[in-house]
Amino acid sequence: MKKKGWKELPEGAIIPAAPTSPEFKTGDWRIQKPVWNEDKCVHCLLCWLYCPDSAIKVKDGKVVAFDYEYCKGCGICEQVCPPKIRAIEMVKEEI
Amino acid sequence: MAEKLTLNLKELSKRTEGLASGHRACAGCPFPAIIKMILGAADDPVVVANATGCMEVVTTIFPYTAWPVPWIHNAFENAAATISGVESAYKALLRKGKIPGNKKIKFIAFGGDGGTYDIGLQSLSGAIERGHNFLYVLYDNEGYMNTGIQRSSATPFAAHTTTSPAGKVIPGKTQHRKDLTEIVAAHNLPYAAQASPSHWNDLIRKVRKALSVEGPTFISIISPCVPGWGYPEHMSIELAKLAVETKFWPLYEVENGYYKINYKPRNPLPVIEFLKPQARFKHILNRPDLIEEIQRFVDERWERLLWLEQRKPEENK
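Those protein sequences? They're chains A and B, same order as listed. To convert, note that position 91 of the first sequence is 90 in numbering that gives the first Met the number 0; the numbers rise steadily by one, no gaps. To convert, note that position 251 of the second sequence is 250 in numbering that gives the first Met the number 0; the numbers rise steadily by one, no gaps.
Bound-form chain A, shown alone:
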């Protein structure tokens, strides 16, 4: 997003179109990343529910993708994945 001068800023700090936060990528905070095994996944959606960064994408009730542009690598998805399924594994991020 291009920085605005004071004349272009809206009065009262109004943000007329929302949400705008996706313009800010948080993926580079990550030091480990979740790797999703689609074959093991039973689509219980617990990872989607608890992902703080809305980085797990669901379509028609099924997990379809992990969005590494925003995933901060907290590892909650691995933690909440049912112990018998274990479809998500956190691995160290390679640079």
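Rather than coming from a laboratory, the hints here were simulated on the basis of the structure. A hint or two may mislead.
To be verified - Taking CB as the label site, the calculated pair distances span:
(1) B:Ala91 / A:Glu93: 56 to 62 Å
(2) B:Thr161 / A:Glu68: 33 to 39 Å
(3) B:Pro164 / A:Leu8: 38 to 44 Å
(4) A:Lys58 / B:Tyr257: 39 to 45 Å
(5) A:Ile84 / B:Pro231: 19 to 25 Å
As the list claims (entries may be wrong) - The calculated BS3-like cross-link candidates involving lysine-lysine, where the alpha carbons are at most 30 Å apart (straight line), are:
(6) A:Lys58 / B:Lys103
(7) B:Lys263 / A:Lys83
(8) A:Lys58 / B:Lys102
(9) B:Lys102 / A:Lys39
(10) B:Lys263 / A:Lys39
To be verified - Here are a few chain A residues that sit away from chain B, every Cβ distance over 10 Å (derived from the structure):
(11) Trp5
(12) Glu77
(13) Pro81
(14) Ile84
(15) Glu88
Even glycine gets a Cβ: it sits at the ideal position worked out from N, Cα and C.
Start from chain A and add chain B according to the hints.
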């Protein structure tokens, strides 16, 4: 009354995506998940007022906002007063016919424990007493985490914070936390409850119940804090669960003055299981007297709830 109070996750995923990505909450912070559950639970469009706090700061760094719904921030102390005004404006516009009569909007205020237990207590009390039709959601991370982890009146006994530092003189905070849900319940409002993100089904049911009731409603939700409590960031939901399983955070509701405990752990864990993973309690792990004092406080409150629960509404006798 909402058609049905519970939702499964497939249904929830079709109703909301929660906060947008790109907000600046710490990795592993559980409140974006809490917001997802609440926004997904609402049947009607919602308007949100937010007290100053972590949630307000990290989700709305100008010119970015992560909120997919109309949202207003005013000051630290007046989220409840702000939402009262918004709700009154809505009622006035309905009365004047400027909003179609069938257009239902729900009003939700979010506040942290600093903005609710301490700074915003009088405006919350006022808004409930005036009977505005809104839901107040308290996300309780037990301290002023956004400004660098200072104690609040929600901080538990013996917890280390920067303003209750554990050392030779004091073993962390020297007072017990105050019981805000009970203070709110004393306003005789239609519905007040305590919930935890680990028990999502219970949380969603409580939000739907609160939104279906006419009048002020209140839900207090535990929200573990990675830097403030000091635990590995993948453990947020696990800690919320431990708080419930140790009876540190009872899941209960108060409906028209009648108490109901929604979850009674079959084999409750000792409170040490909740304290052990947290760095803010690491100085008391070799102080059995202090752990015993926390256990005593937890047990006493639980016994009180059991006693309160015995009074049943007429139709259930």
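Evaluation of the provided hints:
no., hint, in the structure
1, B:Ala91 / A:Glu93: 56 to 62 Å, "59 Å, holds"
2, B:Thr161 / A:Glu68: 33 to 39 Å, "34 Å, holds"
3, B:Pro164 / A:Leu8: 38 to 44 Å, "41 Å, holds"
4, A:Lys58 / B:Tyr257: 39 to 45 Å, "42 Å, holds"
5, A:Ile84 / B:Pro231: 19 to 25 Å, "21 Å, holds"
6, A:Lys58 / B:Lys103, "28 Å, holds"
7, B:Lys263 / A:Lys83, "25 Å, holds"
8, A:Lys58 / B:Lys102, "29 Å, holds"
9, B:Lys102 / A:Lys39, "44 Å, violated"
10, B:Lys263 / A:Lys39, "33 Å, violated"
11, Trp5, "13 Å, holds"
12, Glu77, "7 Å, violated"
13, Pro81, "13 Å, holds"
14, Ile84, "14 Å, holds"
15, Glu88, "12 Å, holds"
Consistency note: the structure conflicts with the earlier hints numbered 9, 10, 12.
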